[in-house]
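Protein chains: 6
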Amino acid sequence: MRILVINPNTTLSMTEKIGDAARSVAAPGTEITAVSPDKGPVSIEGHYDEAYCVPGVVERAIQGSVEGYDGFVLACFDDPGLHSCRTAVAQPVVGICEAAMHAATMIASSFSVVSTLARSVPVIEDLGHRYGMERRMKRVWAADIPVLALEDEGSSAREKVRDAVLRAVEADQSESVILGCAGMADLTTWLTHETGVPVLDGVACAVKMIEGLVSLGLGSSKVGGYAWPRAKTYTGDFARYAPSGSA
Amino acid sequence: MRILVINPNTTLSMTEKIGDAARSVAAPGTEITAVSPDKGPVSIEGHYDEAYCVPGVVERAIQGSVEGYDGFVLACFDDPGLHSCRTAVAQPVVGICEAAMHAATMIASSFSVVSTLARSVPVIEDLGHRYGMERRMKRVWAADIPVLALEDEGSSAREKVRDAVLRAVEADQSESVILGCAGMADLTTWLTHETGVPVLDGVACAVKMIEGLVSLGLGSSKVGGYAWPRAKTYTGDFARYAPSGSA
Amino acid sequence: MRILVINPNTTLSMTEKIGDAARSVAAPGTEITAVSPDKGPVSIEGHYDEAYCVPGVVERAIQGSVEGYDGFVLACFDDPGLHSCRTAVAQPVVGICEAAMHAATMIASSFSVVSTLARSVPVIEDLGHRYGMERRMKRVWAADIPVLALEDEGSSAREKVRDAVLRAVEADQSESVILGCAGMADLTTWLTHETGVPVLDGVACAVKMIEGLVSLGLGSSKVGGYAWPRAKTYTGDFARYAPSGSA
Amino acid sequence: MRILVINPNTTLSMTEKIGDAARSVAAPGTEITAVSPDKGPVSIEGHYDEAYCVPGVVERAIQGSVEGYDGFVLACFDDPGLHSCRTAVAQPVVGICEAAMHAATMIASSFSVVSTLARSVPVIEDLGHRYGMERRMKRVWAADIPVLALEDEGSSAREKVRDAVLRAVEADQSESVILGCAGMADLTTWLTHETGVPVLDGVACAVKMIEGLVSLGLGSSKVGGYAWPRAKTYTGDFARYAPSGSA
Amino acid sequence: MRILVINPNTTLSMTEKIGDAARSVAAPGTEITAVSPDKGPVSIEGHYDEAYCVPGVVERAIQGSVEGYDGFVLACFDDPGLHSCRTAVAQPVVGICEAAMHAATMIASSFSVVSTLARSVPVIEDLGHRYGMERRMKRVWAADIPVLALEDEGSSAREKVRDAVLRAVEADQSESVILGCAGMADLTTWLTHETGVPVLDGVACAVKMIEGLVSLGLGSSKVGGYAWPRAKTYTGDFARYAPSGSA
Amino acid sequence: MRILVINPNTTLSMTEKIGDAARSVAAPGTEITAVSPDKGPVSIEGHYDEAYCVPGVVERAIQGSVEGYDGFVLACFDDPGLHSCRTAVAQPVVGICEAAMHAATMIASSFSVVSTLARSVPVIEDLGHRYGMERRMKRVWAADIPVLALEDEGSSAREKVRDAVLRAVEADQSESVILGCAGMADLTTWLTHETGVPVLDGVACAVKMIEGLVSLGLGSSKVGGYAWPRAKTYTGDFARYAPSGSA
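The listed protein sequences correspond, in order, to chains A, B, C, D, E and F.
Note that my numbering numbers the first sequence so that position 53 is 213, with each residue one more than the last.
Note that my numbering numbers the second sequence so that position 95 is 255, with each residue one more than the last.
Note that my numbering numbers the third sequence so that position 100 is 260, with each residue one more than the last.
Note that my numbering numbers the fourth sequence so that position 167 is 327, with each residue one more than the last.
Note that my numbering numbers the fifth sequence so that position 123 is 283, with each residue one more than the last.
Note that my numbering numbers the sixth sequence so that position 151 is 311, with each residue one more than the last.
These aren't lab readings, by the way, just hints derived from the structure by calculation.
The reader is advised that the hints may include incorrect statements.
Any copy, or any two copies together, can satisfy a pair, since identical chains are not distinguished.
[Said to hold, decoys possible] Straight-line C-alpha distance at most 20 Å; calculated PhoX-like pairs for lysine-lysine:
#1 382 - 392
#2 320 - 382
#3 298 - 382
#4 199 - 320
#5 392 - 199
With the hints as extra help, turn the sequences into a complete structure.
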């Protein structure tokens, strides 16, 4: 099975790290390709960046569908473009936030999330509510680091994440912790050891979810919210994105 | 006060109709300008179209901010780009779905929504939930018409909307009905008479909400989820959308 | 348009202050009249006072309807008599708690409320829940001051309110703060400056909401919960309040 | 133990029927007195009537407290004045709506409510939400009869109630039905036989709840929302209701 | 009326204490018998113990039904076997957790729970949600004592419970506190005095609830979730528990 | 990896069918063993049967842990013993109800469930609520067939399931359907073709979920609700189930 992992930002070092994280948990028969869109923000920190990563993400998913990929992972914790991608392709699409939250509820009564910046906290809180997690999600914390600091080995970003995770376990009495940024994917083992509770990374969880959906032959329902886009004209610079109305 | 009403789709006849609807309820001192983005779908029907209208909507809001507009209305019932716009400008931004729902709860114990196509139903249900309306929103109905049929005088679209509204009042025992598409803005008076319950149009409600926020000096909070976008690089075709990090 | 702002308590200095606050934000064509009922508590602090302010509030609204007012604002943060007034008059009626909460959600992801006494906290929490705000309302705080201390220039009430607002912003990470008492209406500008987040006053918000509803021709639905009172006998001292069954 | 059952309306034939219903289920040592306020509506049908029954209800509860009653039942399904009474007296106070809903959840997975008029449906829905019953309360039905028709032996009111109950069981698949009006208290046995599911009357349930609370020595908490009313002036006709600030 | 109080654990000293607590609040005509199952855990601390107490609890309830008991109380705060017992017998069955929570909401706007060990906290949180208490239940605390420490007079268990109760009142601003273990039944009077808020014990509350249901003739609905078990074969050691399909 | 699929009932033909269903979707490296407990009901239809299947399920899971299985699937749609098993073993445990619901939300905006008998409907509704699915789960339907009729080739059970699935899609406008019984595992392909929406079987979904958790090294958190059982005495027939206090 071939899975396309789309890093919604355009920082290629992070795309590589995400690809490595995905490959490290993929099943033997799973081929992982990690890509970024060819346009958009180098990091996604809040609502504005989300607006400008989604077109490239959806475009890349459609291209991946043409290329024959069997399923898609969106590797940004805000799950940007998730519903649009499900509309645009026949194959299943999984976001790393939803994947981590679903997984956490199957191993623990509760979880906390540790994210990067304060501006992402309400975004994740809203996703948690949308996914039905309000009784499991104890609190969303910000480690107070920019996303790309995680790419900078000299920064104190990892220590700040660890401190936030420890604070979350202590203050929330949470039984598990989710790392709320794809750029933290390489910290799970270390932080599980540091904290004594399971620490989940969304990239890894999403790979397993998408492998499962693909092998079950489950794609997005084409009745209702994820029905194929209707054929219509798009104007201006976006004319080329107009849906043709067939799959 | 100068209000920019952004029709997120690029069908100019609909933009004009929305502008007329907005002007017809605007206060004496309010100047309404109705525009469309210069790129994107001619109608917004589901998640895919949403992805490709948002960049133009946000861009147009920022341009409007530079042009000195005091507030913004997003005139598509899916409220696309609402949170991104709030991040991108200092002035208040109101979506027509949220405006209509807030207004409905101040005049009735419950409401139903009549939208266009089935694919929009889960989108509106999710917005209703996000806005805290799950106990007031009885049901979302689809009139089973494409958005642009509302622009076609020869179509039976208006009759289908009326029939759906009557069905909603009868079946849901709702005390009010919200028209779930900006293209229905000219039907409210007629349908209020036909049904005997208040029928609300989001464009009108949003104009009054934005007038209120502007005159109170209330813009989006710049602490947390709507903080200014951080300065960073955007790559590829979207390089020009990169935030500079100052307002 | 003529708006009657009803201060549900009978402290006239507070009624004047509320009237001033309302007038300071009213649109050019809006005429504000601020009144108190001719009977009832001098301040409303909890459920008991509420019981004895409501009859006078509803009576005053009906009188206002006869006098030709176009809309009504109830200027106590417990929104006392809100639903009864909507039943009793054709014109729209807005409470200051609901108005502030609706407004806050259009400019911020979350809000906290700062009220007067601890006994009001569960009252406001229940209103927040009724209005669908449980995911936006972070916490309701009591500044621990009686309502009328706000009328006493020599008291430390203002400082206590400020301290509570600062505490709320710090502890709840809220993106906005609502002042939970009509008597705090004159503190919003000062406190917005002190805190750096938008501080909302319900009186101002309600004036804009009622202006909006009036200009849209939206009154309370007369189908269902706000149907006209049925004609019937009232006995004893309250005989004069018996509804005649016509509007 | 002496229990005062307050019928919030002033129709004495109904008060007698309620008193009989209460006595028929009271424990051997319980003395039931059923009274009406000396002022107010002859029936309570919606928000307006509620406003004008509450002062008399609270007044009667306070008088009952002075007379040495050990607990209070409010025998109108809208639970009018419930929270005000809890503030005003030391003894426990139970409403018939809350009592029936709590009881229903202990014998069935779900319930429907059959009330009188459509205008009461949103009132009861809101109470159900306030009491945390949204997942147990399948639907609130109106039998489409005025409250006092239940006092008129020649009317078809009983048959309409039965038909509504049967409809509710069939349509909602509810495991129990609550009669949503104190005037239906004499129909429970008959309707349980007709339907095959438990049919609950709030008056009976509330008598048992108040007996329980009284015998456990549990009165309303005087910390927070039900704290004693603060001493203050009431003006005009209501001066005599001013709280003295002591119990 | 004869009530069987089933202590789901098999520590007989605790069964006696529970029986004493039940008798101390029972009505004159109520005969209380307190028993334990003949098999199972000596204390119930978390999900595992629950699995192995339920068969004995249900068996004992059925035996009690044969013996002519009129109603059943399950005296463990996890309410283990509650729904199974309701299916298995015609008489009403009440759990001490649900009873205490229902009672608390009739005397206070909010409550906190003080339980024994941290592992019980998510169990009680889930029960609270199931019973619709998420808006009333402020927090569940663990006093950090094993259940049987409450039976050991020399231990500091009582002091730890008191400390946790005081902490809950202070931190949560709760208006009442529920003791989350049947073994704390003898501490309510003392802790009500220590804290100034009503402290509720589930055993006492459940006795009053079951007395009420029995005297109203209300048993579990036999339509839907609590329908009689269908006749079928059980295999192996559990063959003797197979339902015969008649009551 | 070795997965133990536990059919909580003791009907071996059904266990075989479940095992086949599991193997048909298992990854190449996954070895599936399907077993039943050595004691308990031949089918699980409601709360009573649940009580008597759980001890055998938990016992079998513990034995499986000793035998070196890497993860566990509980193959009854009521998810009986799920939390107890998570406490009892170190490896991850997944229920088929939760697995199907989590999967459905990743491919569709909504789902309906088709179960066997009416008595199971409230059980599944409660699970849906516990798993946070109240906004995704449109309705739970009963096909009105006993569980074991699905094992009887001559019965009309399959047709009844199909009819119920078609009814659900039509009436609920659901975008997917979950089969609410492990005995329906062989019907998914057929019913997906019949209905045009994805039809999900919990056994298949749970196999993929457990494969994912195992390969990520995620077991149940041993902090909080799933902490190891404390060492203690169990009395009577259940003495042998007493936890030793070590893993």
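A quick look at each hint next to the structure:
| no. | hint | verdict |
| --- | --- | --- |
| 1 | 382 - 392 | within (18 Å within a copy, 37 Å between copies) |
| 2 | 320 - 382 | neither (43 Å within a copy, 24 Å between copies) |
| 3 | 298 - 382 | between (34 Å within a copy, 17 Å between copies) |
| 4 | 199 - 320 | neither (30 Å within a copy, 42 Å between copies) |
| 5 | 392 - 199 | between (24 Å within a copy, 13 Å between copies) |
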